[in-house]
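A.B. asks: These protein sequences, in sequence, are chains V and H.
Each residue of the first sequence is one higher than the last, beginning at 230 in our numbering.
Each residue of the second sequence is one higher than the last, beginning at 230 in our numbering.
Just so you know, the hints here were simulated from the structure itself, not pulled from any lab data.
It cannot be assumed that every hint is accurate.
In this list, chains with the same sequence are indistinguishable; a pair is considered to hold if it fits within one copy or across any two.
When the alpha-carbon atoms are kept at most 30 Å apart in a straight line, the in silico DSS-like pairs for lysine-lysine are as follows [said to hold, decoys possible]: (1) Lys435 to Lys483; (2) Lys399 to Lys414; (3) Lys414 to Lys483; (4) Lys363 to Lys281; (5) Lys281 to Lys435; (6) Lys435 to Lys394; (7) Lys394 to Lys414; (8) Lys402 to Lys457; (9) Lys323 to Lys414; (10) Lys281 to Lys394; (11) Lys363 to Lys435.
Protein chains: 2
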Amino acid sequence: MFRIVRVFTGRCGPCPCSFFMNLILLFSDDFTSADTVRLTGRRLTHVLEVLKPAAGDTLVVGREGGPFGQGLVREINGRALTLDVSWNVPPPPKLPVVLCVALMRPIVLKRVLLTAASLGVEEIILFHSRQVEKSFWQSTALRDDDIREQLVLGLEQAKDTVLPKVSFQKRFKPFVEDVLPGLMKDRAGIVADPSGEVVTRPEGAKTPLVLVIGPEGGFIPYEVEKFKAAGCRVVGLGPRILKVETAVVSLLAKLF
Amino acid sequence: MFRIVRVFTGRCGPCPCSFFMNLILLFSDDFTSADTVRLTGRRLTHVLEVLKPAAGDTLVVGREGGPFGQGLVREINGRALTLDVSWNVPPPPKLPVVLCVALMRPIVLKRVLLTAASLGVEEIILFHSRQVEKSFWQSTALRDDDIREQLVLGLEQAKDTVLPKVSFQKRFKPFVEDVLPGLMKDRAGIVADPSGEVVTRPEGAKTPLVLVIGPEGGFIPYEVEKFKAAGCRVVGLGPRILKVETAVVSLLAKLF
Numbered sequence: 230m231f232r233i234v235r236v237f238t239g240r241c242g243p244c245p246c247s248f249f250m251n252l253i254l255l256f257s258d259d260f261t262s263a264d265t266v267r268l269t270g271r272r273l274t275h276v277l278e279v280l281k282p283a284a285g286d287t288l289v290v291g292r293e294g295g296p297f298g299q300g301l302v303r304e305i306n307g308r309a310l311t312l313d314v315s316w317n318v319p320p321p322p323k324l325p326v327v328l329c330v331a332l333m334r335p336i337v338l339k340r341v342l343l344t345a346a347s348l349g350v351e352e353i354i355l356f357h358s359r360q361v362e363k364s365f366w367q368s369t370a371l372r373d374d375d376i377r378e379q380l381v382l383g384l385e386q387a388k389d390t391v392l393p394k395v396s397f398q399k400r401f402k403p404f405v406e407d408v409l410p411g412l413m414k415d416r417a418g419i420v421a422d423p424s425g426e427v428v429t430r431p432e433g434a435k436t437p438l439v440l441v442i443g444p445e446g447g448f449i450p451y452e453v454e455k456f457k458a459a460g461c462r463v464v465g466l467g468p469r470i471l472k473v474e475t476a477v478v479s480l481l482a483k484l485f
Numbered sequence: 230m231f232r233i234v235r236v237f238t239g240r241c242g243p244c245p246c247s248f249f250m251n252l253i254l255l256f257s258d259d260f261t262s263a264d265t266v267r268l269t270g271r272r273l274t275h276v277l278e279v280l281k282p283a284a285g286d287t288l289v290v291g292r293e294g295g296p297f298g299q300g301l302v303r304e305i306n307g308r309a310l311t312l313d314v315s316w317n318v319p320p321p322p323k324l325p326v327v328l329c330v331a332l333m334r335p336i337v338l339k340r341v342l343l344t345a346a347s348l349g350v351e352e353i354i355l356f357h358s359r360q361v362e363k364s365f366w367q368s369t370a371l372r373d374d375d376i377r378e379q380l381v382l383g384l385e386q387a388k389d390t391v392l393p394k395v396s397f398q399k400r401f402k403p404f405v406e407d408v409l410p411g412l413m414k415d416r417a418g419i420v421a422d423p424s425g426e427v428v429t430r431p432e433g434a435k436t437p438l439v440l441v442i443g444p445e446g447g448f449i450p451y452e453v454e455k456f457k458a459a460g461c462r463v464v465g466l467g468p469r470i471l472k473v474e475t476a477v478v479s480l481l482a483k484l485f
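Just chain V, with the same shape it has in the complex (with noise of 0.2 Å):
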């Protein structure tokens, strides 16, 4: 009998954050053959420092995009670490939301990707308004690795396979007057600001929906009023003034 190997037991120290791997992620470059993978680097380090595998023990494995299953190590050394693959369980729904936050500081952004990425979020927009610090965009947090990093780590996080679609509106105008009306064709959109109500009561987990979250300053009354025109409903958070990153869950909690 061999033993599966729960992944989440253990605590990483050379990851990036210290965060809990709940599933390897595999990507087609890991594979050498249909059923075949092979690790080096950070997944590697993590599982020989935290799991401590032998041959023919089980590791729980997802492929980007795909399903989840087992992945029995047949080999494992300080070089790499290979397994045979199989798959039986689908990655949970996401959440039928496209978040657009008003870009923040690298540390928040690094936290709220991977926050968001683990709450299952399905497309993250990063859009400028006028509280924005226009030095966040020259930001190495804004490179496609960076990002990217950050959202394996949350997918891993909460046993997710799906990465989500991230972009960047650099100009406020043309995101809220072209960009946004094509997005709400067919979703509600929400837009927080202490100006609102505050939201009472879930919406209902099956509506698709805009949720727009303004920077820490919060959105001038010229940009509220713009989505507003666009057909935003506007809701508050009560009048605890929170963080981005606060924000972002409590609101994603409430609405789903």
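Fit chain H to the known structure of chain V by using the hints.
C.D. replies: Same frame as chain V, but now just chain H:
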């Protein structure tokens, strides 16, 4: 005409976590007379670096455990800030919840304390359970001053003045058998575990709760049974495995 300095428009580089200070929280030690305070240290640095007020400007202040009001800048320089204060707004209501969280890694603990304080949690109990690393109880993040710092940052973020009470339960069984029943005399108990059904609707904002959240590795079945035996309802958060800080915000948002 003097300007009112909006406290949340700036970012504070030197502050512990680049947070936004939406009010300046004042403590009894700060008062030099009934309506005059003198600030030094972190709050002075924040005001000098971010708000840069001149004598005659007004800042938003709050008195610990008391109301908000205005602080009229009488004098400011590199050594101290002197304000004439007056009060006129009560603090926002607290969430009627005792949040019991299994002790977590220090970096996560800091975020959970800050976030719980910002959300208005009334009381926080950090408890031990099987999957909590014993070394966590040695962390300097558990010192009174370190805990208080995170709580104050959370209140300053959220614009609240009432510090949550924080205590420790270092042994699981006495916590569940002796402490929890007392808390549940006038509160409903809820424990988060994947075995429970998903929370689908708010419980009504007025119901006082004891909300129990386990460690990142989860509760062991014995622990869940002990909570059930104490009268707690088990609720789940769906198929996704969330980080502790995300689970805290998500559950509080769904339940209140």
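A.B. asks: Could you figure out if Lys281 and Lys394 sit no more than 30 Å apart (CA to CA) within one copy, between two copies, both or neither?
C.D. replies: neither (33 Å within a copy, 41 Å between copies)
A.B. asks: Could you figure out if Lys323 and Lys414 sit no more than 30 Å apart (CA to CA) within one copy, between two copies, both or neither?
C.D. replies: Within one copy only: 19 Å inside a chain, 39 Å across chains, cut-off 30 Å.
A.B. asks: Between Lys394 and Lys414, at a C-alpha cutoff of 30 Å, which is it: within one copy, between copies, both, or neither?
C.D. replies: Within one copy only: 18 Å inside a chain, 47 Å across chains, cut-off 30 Å.
A.B. asks: Are the CA atoms of Lys435 and Lys394 at most 30 Å apart within a copy, between copies, both, or neither?
C.D. replies: within (20 Å within a copy, 39 Å between copies)
A.B. asks: Using 30 Å as the alpha-carbon threshold, which applies to Lys363 and Lys281: within, between, both, or neither?
C.D. replies: between (45 Å within a copy, 21 Å between copies)
A.B. asks: Should Lys435 paired with Lys483 be assigned to within, between, both, or neither, using CA atoms and 30 Å as the limit?
C.D. replies: both (13 Å within a copy, 17 Å between copies)
A.B. asks: Taking 30 Å as the upper bound on the Cα-Cα distance, should Lys363 and Lys435 be classified as within, between, both, or neither?
C.D. replies: neither (36 Å within a copy, 43 Å between copies)
A.B. asks: Given a CA cutoff of 30 Å, do Lys399 and Lys414 count as a within-copy pair, a between-copy pair, both, or neither?
C.D. replies: Answer is within; shortest intra-copy Cα gap is 22 Å, inter-copy 54 Å.
A.B. asks: Indicate which option fits the pair Lys414, Lys483 if close means a Cα-Cα distance not exceeding 30 Å: within, between, both or neither.
C.D. replies: both (23 Å within a copy, 28 Å between copies)
A.B. asks: At most 30 Å between alpha carbons: which applies to Lys281 and Lys435, within, between, both or neither?
C.D. replies: neither (41 Å within a copy, 48 Å between copies)
A.B. asks: At 30 Å max between alpha carbons, let me know whether Lys402 reaches Lys457 within a copy, between copies, both or neither.
C.D. replies: within (13 Å within a copy, 53 Å between copies)
Figure legend: structure checked against the earlier numbered hints; hints not met, in rising order: 5, 10 and 11.
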